[in-house]
Amino acid sequence: MASANEARESVFRGRRNSFLRSIKGDCALLIAAPARLKSRDQHYEYFQDQNFLYLTGVEEPGCALVLRGVSSGPRTVLFVRDRDAVAERWQGERLGVRRAKRRFEVDEVRCIEQLPDDLEELVKGSRKLYYGPGVDSELDRFVFSLFQNPTAPRPGCPTGLEDARVILSEMRFVKDRDEIRALKHAADITTHSFAKLAKQLKTFKSEIHCARTLEQYFVELGASGTAFDTIVASGRNAAVLHHHPSHQPLWKRQMLLIDAGARHRGYCADVTRVYPSEGGFIGAQADVYDCVEKALRAACDRVRPGTNLNSIHLAACREITRGLVDMGILEGDVPTLMAEGAYKKYFMHRTSHWLGLDVHDINPLFWTKSGKEKDSYSRPLVAGNVFTVEPGLYFDPNDKTIPEAFRGIGVRLEDDVLVTPGGRTVLTAELPSKRTEVEEMLS
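Numbering (this note's numbering), first residue to last: 18 to 460.
Hints are supplied without guarantee of correctness; some may be wrong.
In silico lysine-lysine, DSSO-like type, Cα no more than 30 Å apart, as pairs [to be verified]:
1. Lys201 - Lys362
2. Lys362 - Lys417
3. Lys141 - Lys41
4. Lys362 - Lys216
5. Lys222 - Lys391
6. Lys55 - Lys219
7. Lys219 - Lys269
8. Lys222 - Lys269
9. Lys269 - Lys201
10. Lys391 - Lys41
11. Lys145 - Lys222
12. Lys311 - Lys269
13. Lys145 - Lys451
Cβ pair distances, simulated, as ranges [claimed, not checked]:
14. Ser395 - Pro352: 42 to 52 Å
15. Arg38 - Gln131: 42 to 52 Å
16. Phe245 - Glu295: 39 to 49 Å
17. Ser241 - Arg38: 29 to 39 Å
18. Thr324 - Ser241: 27 to 37 Å
19. Pro266 - Asp350: 39 to 49 Å
20. Ser395 - Arg38: 33 to 43 Å
Calculated from the structure, these hints are not laboratory results.
Here the structure is a predicted model, which means the values were calculated and not measured.
Glycine residues also receive a C-beta, built at the ideal position from the N, C-alpha and C atoms.
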């Protein structure tokens, strides 16, 4: 039986082979993200470029991958940093060429210092070079000067550059089984951590205390970190969509919005829940919460192969508009208000975004049968798509046009959803979102 590492390597090899089939007889160059300085002598936590991680599983800087769609010579060449005792004493152990040869299922492994000299020879005979710019500006300049210099063309080298991200966005758009397992694990870590945190809300001194405790729970359950900066917003702060947690105390009789996600093997979860700081939801809080929860259910019910994110968004907007009328915030009939976009004052974002190696994952364009280019919100869903469903309502605390009881209330509810052949699986379904179930969980 293959080891877990061998099984994972076969997944990456399969992705590289799929990419090679897409570029046919041409070549590609993918680059690892460089380490980035935080201050004079400190670096930020390292995050690998998602496309490089998707094709290799390598989580080190200073690496590159050359893919060659040719019939002779190596088809996959991985460049890595070689071992360096002095650098490793300060910054940690490196893979090195010899160990990378044993670990990764590629044809050749070379030292990254050889890339400038080897690249031209490796890509000779190809008409095009597929490259993903924007990862490393220094390498961008090198590649552009080498292959897009009209005054000094390289004999036998590619005469055109193509964006490798176009192919990779299509590949990453539909998740394979390995990715779905990682996304489910990230979702499980997140929901279990939320449930543990929710029962301890009275013990937190501030928003930031709550946020850092949740992040600690993620790590305790095996996460490699957070998928994005955790949002914890108490009271009127919840009306700010991307509020940064502060030392603001958790206000009594006010709701607490938490938007956070764990990261596992590079894959992201993204969950939002709203909890009462003590007891249950009261008055207008309950009305707004129920409206958003109905929108969440209506949107999730629309998920199945063949539909699209636009129709899911419309389902959420319809429930939001109906709720705003019922609460006396909007006046008129729902179809007319929908056509006017009246809800946008209080629900100003999309209901969904794609989810994967990035919390706001790749957003590939697609072409209709008539050749018209469209964005992925109109694209028919297929099994293996993963995205969020997150309707919300946000009422400005200074808005005198709405009843005072609603001012400063912000509610967003978010689940992660996988499209299956027969419909959908809500990856975060274990965490209650229905108001009565939330109140029961907290009691």
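Against the structure, the hints come out as follows:
1. Between Lys201 and Lys362 the CA atoms are separated by roughly 34 Å; this puts the pair beyond 30 Å, and the hint is violated.
2. The hinted pair formed by Lys362 and Lys417 meets the criterion: a straight-line CA distance of about 13 Å does not exceed 30 Å.
3. A C-alpha spacing of about 14 Å is found between Lys141 and Lys41, which places the hinted pair at or below 30 Å, so the restraint holds.
4. Restraint check for Lys362 and Lys216: not satisfied, since their Cα atoms lie roughly 33 Å apart, outside the 30 Å limit.
5. In summary, the hint linking Lys222 to Lys391 is not supported, as the alpha carbons are separated by about 48 Å, beyond the 30 Å threshold.
6. Restraint check: the Cα-Cα separation between Lys55 and Lys219 comes to about 35 Å, which exceeds 30 Å; the hinted pair is violated.
7. Our distance criterion of 30 Å between C-alpha atoms is met by Lys219 and Lys269, whose separation comes to about 10 Å.
8. Under the criterion of a C-alpha separation no larger than 30 Å, the hint pairing Lys222 with Lys269 is consistent with the structure, at around 12 Å.
9. A hinted pair counts as satisfied when its Cα atoms are at most 30 Å apart, and Lys269 with Lys201 does not qualify at roughly 34 Å.
10. About 26 Å separates the Cα atoms of Lys391 and Lys41, which keeps this hinted pair within 30 Å; it holds.
11. With a C-alpha separation of about 58 Å, the suggested pairing of Lys145 with Lys222 is violated against the 30 Å cut-off.
12. Taking the CA atoms of Lys311 and Lys269, the gap is near 26 Å; set against the 30 Å cutoff, the hint holds.
13. With a CA separation close to 54 Å, the supplied pair Lys145 and Lys451 exceeds the 30 Å bound.
14. A hinted range of 42 to 52 Å for the beta carbons of Ser395 and Pro352 is inconsistent with their spacing of about 22 Å.
15. Range check, Arg38 to Gln131: about 27 Å between beta-carbon atoms, so the 42 to 52 Å window is missed.
16. In this structure, Phe245 and Glu295 break the distance hint of 39 to 49 Å, their C-beta atoms being roughly 28 Å apart.
17. Taken as a hint, the range 29 to 39 Å holds for the pair Ser241 and Arg38, whose Cβ atoms sit roughly 31 Å apart.
18. Checked against the hint of 27 to 37 Å, the pair Thr324 and Ser241 passes, with Cβ atoms roughly 33 Å apart.
19. The hinted window of 39 to 49 Å between Pro266 and Asp350 holds, with their beta carbons roughly 43 Å apart.
20. The hinted range of 33 to 43 Å is not satisfied by Ser395 and Arg38, whose Cβ atoms lie roughly 27 Å apart.
When each numbered hint is compared with the structure, violations occur for hints 1, 4, 5, 6, 9, 11, 13, 14, 15, 16 and 20.
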